[in-house]
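A.B. asks: The residues making up each chain are set out below.
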Amino acid sequence: MLGIGLLKGLGVTAKNLVGSFHDPARLVTTEYPEQRTKLPENYRNFPFLVYDGTAAIDGLRCVACKICEVECPPQCIYIIPDRDEKGRPTKKPKVFDIDISVCMSCQICVEVCPFDAIKMDQQYEIAEADRFDRLLLKREALAKPNSYYQEIHPAEAAQVDAMLAEARRKADAKAKAAAEAAAAKAATAKPGAANPPTRPPAPSGSTPATAAMKPATAAMPEPAVPPVQPTQTPAENSATGNPVAPKTGTPGA
Amino acid sequence: MESLEQIRDRLLSRYPGAELSILNNPSPSAQHSLVVGGSAAREIAAFLRDDPALQLDFCSNVTGVDWPDKEIVETTRTTIPDPAGGPPKLVEQKTKRIQPGYLEVVYHLYSMALKQGPVIIRMRTGNRTDQVTLPSLTPVWRSGEFQEREVFDLFGVVFDGHPDLRRILMWDEFKGHPMRKDYVEPDDYEWEPTPHDEVLAKAKAHYPAPAAPAAPGANAK
Amino acid sequence: MTDSANTPTPLSDADRDELRRQGILLTSLEELYNWGRSHSVWPLQFGLACCAIEMIAASMARFDIARFGSEVFRPSPRQADLLIVSGTVTKKMAPQVVRLWNQMPEPKYCIAMGACAISGGPFKQGYNVLKGIDRYIPVDVYIPGCPPRPEALLNGLMTLQEKIRGQKLTGPNAPRHLRADDACEYPVPEFGETDLVPPTNPEVWQPPTIVRPDKP
Amino acid sequence: MTNSPIVALHGTPAVAGGNAPSEICHSPLAPGGAHVRSVRDEFHGDLLEVSMGPHHPSTHGVFRMIATLDGETIVKLKPVFGYLHRNHEKIGENTTYLGSMPYTDRLDYLCSMTNNWAYALAVEKLAGQPVPERTEYLRVILAELTRLLNHTCLAGFLLQDTGASGTPLMYAFREREKILDLFEALSGSRMMCNYQRFGGCRVDASPEWLEAAKRLADGYNEFLDEYEALITGNEILMARTQGVGVMPRQLAVSAGITGPMLRAAGVDYDIRKVDGYGVYPRFNFRVPLGDHGDTYDRYMIRVLEMRESIEILRQAFAQLPSGPIMDPKAKIRGFKPKPGEAYGRIEGPKGEIGFYLISDGGANPYRYRVRPPSFINLTVLEDMCLGHSIADAVIILGSIDIVLGEVDR
Amino acid sequence: MTLVQLSRVTPGVSDWFFQSLSSPFIAAAGDSRLERLPIIARDLLTSRLPEPWRWWLNSLLAILVVLFGFAILFALLTLVERKVLGRVQNRPGPNRTGLPFTKLRLFGLGQPLADGIKMLTKEDIVPRSADKLLHFLAPVALLAFSILTFAVLPFGRNLVPVELDAGILYFFAAGAGTELAVFMAGWASRNKYSLLAAMRALAQLISYELPLLLSFVPVIMMAGTLSTTGVVEAQAGWKFGFIPHWHVLTPWGFAAFVIFMVSALAESNRSPFDLPEAESELIAGHLTEYSGFKYALFFMAEYFGMCALSAMAVTLFLGGWRAPLPFLEIVPSYVWFALKLFALLFGFIWIRATFPRLRIDQLTRFAWKFLVPMALINLGTAAFWSLTCNWSGPLQLARWAIALALVAGPFVVMGRKLSRDYAPRTYRYA
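Chains as they are written, first to last, in numbering that gives the first Met the number 0: chain A, 0 to 252; chain B, 0 to 220; chain C, 0 to 215; chain D, 0 to 408; chain E, 0 to 429.
Certain hints may be false.
To be verified - Mimicking PhoX-like on lysine-lysine, the simulated pairs with C-alpha atoms at most 20 Å apart in a straight line are: (1) D:Lys330 with A:Lys65; (2) B:Lys95 with B:Lys69; (3) A:Lys14 with E:Lys82; (4) A:Lys93 with A:Lys137; (5) B:Lys69 with B:Lys93; (6) A:Lys143 with A:Lys90; (7) E:Lys416 with E:Lys368; (8) A:Lys90 with A:Lys65; (9) D:Lys272 with B:Lys114; (10) E:Lys191 with D:Lys77.
Since the hints were derived computationally from the structure, they do not count as laboratory data.
One chain only, chain A, in its complex shape (with noise of 0.2 Å):
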């Protein structure tokens, strides 16, 4: 009969009204600035750039290799590698600015990064008057503490925490491999000679966290997949996650 279809969609929103008074199925809204809904851990905004300890440009973990400013689909990273007097690379950005009103949030630069040097941040709540200079983000702000990933990604972090310190124990173990080979080789060729050097040799890069990120490359030395998978299964997690403890010193510092 004429108007049935009718009362019954009166009958469906006379239920969502009555019920918005008491079942929270039908008042569903979150009132934002006073209530946020949890973001989930694997939730992505924009980059940032992950510094190990506490003085944040010198503890970055990114070596200016540029492959993120490469790879980045809409172009919004821009790189310039620090050199040294001698005109040397030190392999650190002297410039990383990421544009974020471009920045598509595609994570490629995360995906590609083989140093776990740049991740996505969670913050939102950007609303600027000016792009020019807010929204163009400098080295300075982008760089955050790796206690700061380890909050927002938690499962994650420790993940490639546990990487780069194992990536960590067997560049030692190397190094002190080779340290011990010179050793008795020196020994060997000079008989009685005096103590062996107490430091390692160090590596072709100067700074102390090059030394550290060299092996972290050594490990894996063809990104042919993606370096962090972030969210495994619990199983894995605990496989790969249980020994190490968060680092939080610089490496080789």
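Chain A is fixed; fit chains B, C, D and E onto it per the hints.
C.D. replies: Positioned in the frame of chain A, the structure of chains B, C, D and E alone reads:
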């Protein structure tokens, strides 16, 4: 479904004068295509649509491809017998020639009636400048109407027999065909804080000359 | 980054109390006016691309822009206060956006929502994409993101409300519509052969110059 | 009437080429005479030309229709495109294969997951890249969730176009938010998932996520029931949509219509069944077909498809194997397929979304083409609108289910 | 002006207020202080004045009270509508705008004030090619016509601004002027959408004027008067002591009430008949070119019209200001009137929250092919009802049965005919 060779042979027996050749696709997808000359294309298309064994009634995808002029350096080696009686001398002769480019229109055909496909047919223009007319297949498959307009707009292929050939995506006053490989987009790089490669080169035209080379990387305003 | 230190800060409560104690009627009127228009920002029902979906989402039950009094999305620019440029502005579309802006009555505000509206965003390399709507019309608030979350839009709206509340009606910092030199109509660009003519409105678009060394 | 109908309608024939279209258009162009449209003299009476869009509340973005009205009846309707033409294909040719993946999210910005899949499928075809089984299942799950999302939104928008004051749209978006929460928890972004990779996907789904998705799928029928109680039996909606915008079968096939729109016209063609890509052959689901091809059918087919999607989801959750999500040989950086070309297509929520790629062996595709379903579905807009009123044109457009990011690319 | 003139030529109006105090219709409860509060308040203000002044001031007071009362109701109603729509849609609606200069939110009660301030101070745009005079006059005329209709509404016992013998006729005559104003707005804007909307509005408003008028003819037939107070008086009393004698509780009255409300929806351009404004089709229809305060006036007029028609429906069918049960009469009459008015207004909002919009041809077809015949048949039903008013006992039951059949039969038959073109469908699977 028949193989592409069988289709070609049947077509050739039906339309003896038709220019038909098979373009092999080396990729694992193995989607080979049939290159159709422009003259009999519409009859061939109608045949493909109406043939009971094929019934390719669904033209899924129409697209253009630009193959620009290529400079080909050919090296010919000739052995010139040494008049002095020594071993014959090998002379390399390099000749440059321009292989004329062409525009290509690719149609992906499926059959909704027989649920088979795809059969890919391609048509090629004579060159990229003045012989860019191809027969429109919109009268055969209506789905070409907007897609051919798009190919006209972005590649510059003129479809003969298209009911409403106008620019579709760009505005009417627009000049040029932006999807061609040699299209140069307008310069608006006044504010490019993160340029690289060719964008950087273009953006530099808008940068003031660096005041002092001593401050590299300074983001001075 | 999020403190919005550059947005004009409204009067502190202490200042307000002081002024009110002095019985400055004008100040109260100004405040009432600003309060009224800041709480009744009606956006234009105008979506361009992906961000428009998030804009719609912001007006939907989960986020409910209505709480701020802004759910009245008016389809006609004549009744709208806020132009949310939500998505990529192409060169073909830019004249229409400027025209819409011209059709809106003052006081009006503009939010550039999302990377594309701010700068062309990921599509800025395209031949048909305008690199930021601020080349033609003045933008009050930029919300980066691709697309920004609906909360980010709400945050932008609150930033805009703060900005409105902080406006003085007289003096050099008066809002645009009360200044004598206010351009009532912004020139609408026309279609050229490859680009819009003119490519920018120099009165609105004044980017700082960048100095970059040659890349090593 | 010497002129062909189509020319009479389109006015000036063409820009270049001096073509003489009359001879071809005279012939029965498509089986069933797809091109035969009602024709009227332009100077017949007091016609009113109304430009709807690019800013119009119900053109779903920046689409534009120039409608010539006789009273309120449409005698001519010209779609105008390009207001969101953001050069997707050109950018795709200037960026790497991987770099295009996030751009595909922005094609049809309601269904990024299916766009991702279609693109990944095309590239995998091009490179001969196998995909692990778990990923195939995850892809199916996400694609069906996307279908739910898209069809729900469409139902809401369609009702919004018919003039319901937001309530159906609000309910639709209430459910959409639940699906988006899932997408966000998995991929990190609500709309722009950027989830699939060539030979796998980016993130594995945790058991908690799967549990949540299962809960959603189980509860979705309840929402559909409520929604249908609100709308489907509504006499106003039936009066507005039944018999409006009828698309004949023959025209639908000839015009390359795909997706729910095609099935509403009664053509049994679902690429999930026809191509059997992914692991779809392992699922048991039905393809609903409409008999009238009108707007109501298009709405109802989508509702019924949602119910089938729920079935597919249930089966997929039950069968989901464990294992790796990425093929060990798959490459993220430095991906350079061998020269060749491939066309990969899937059944997206809006129809056949396909990617046509030509590789010249380099890091960037030589040609990158998107086959946009909603753009091609718009071909028949004028045919469906002629003779109807302007209010019908709005809902016919709504029932086509266009997204401008895909129409104009 | 019109109002005053009308009231002056109507005999007996000037001293109606005094007569009404001793009117025989006042029940015992009606004498309570609360009940007479408005009159006592008025007398406090004006009783000292000499007679002619007093009359003038009384009229002025009545006008002011009605205007301000409805202006506040309008403000409130916009908020209530937004909140109810919100609640229906699972969200709270406006709730952050409270008292200015404070942090009090008051559930968003300040929202209408903020909207009002903004609307008042918004730039007023008149298109260059518009007919400037008509463009200006349209909102004014629309509002004026809607306000005029308030003059004859009985808001409570003895509370009617102007007692007219032909009050109902006056009401609909004044209300019909809105059609002109809507057309003026559409025409003067010189906008294609506005023009289409104007044409739609004319077709719609004139079509629905007919069922609207026909639907209350039975009421006049029964009450035997065209005066609004008379109609309310005719609905006095209770059957068996608890069923009020409201017209809506009879078969013909119910049918007439439904037809009246449907037509009222259409007359006030409310969803699902909001075709002239039709946001999804015609941008904002006849309002497309109106900005600032003119737009607010349109908005106000729409709500005023809605209120006036609801109030008239209350008067005609729901017993006016009368309490539903005898013991509830201790509640003042104007409160009952307000409650019934709110209930109907809520119905308007509820319907708006639920239904999609009709198409113009369906709309007019619905009016001409369904509502008008139904209203005409209803006239016959009412005639039958009035002829058989002395049937009693089992005949009473027969009377009800026949009347119900007279209402339901045509409804089913014509409803079938109307919905012949559509039906729920079943679908096949491949």
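A.B. asks: Compare the structure with each hint and give your call.
C.D. replies: Checked hints:
no. : hint                   : result
1   : D:Lys330 with A:Lys65  : holds, 19 Å
2   : B:Lys95 with B:Lys69   : holds, 10 Å
3   : A:Lys14 with E:Lys82   : holds, 16 Å
4   : A:Lys93 with A:Lys137  : holds, 10 Å
5   : B:Lys69 with B:Lys93   : holds, 16 Å
6   : A:Lys143 with A:Lys90  : holds, 19 Å
7   : E:Lys416 with E:Lys368 : holds, 9 Å
8   : A:Lys90 with A:Lys65   : holds, 11 Å
9   : D:Lys272 with B:Lys114 : holds, 10 Å
10  : E:Lys191 with D:Lys77  : holds, 17 Å
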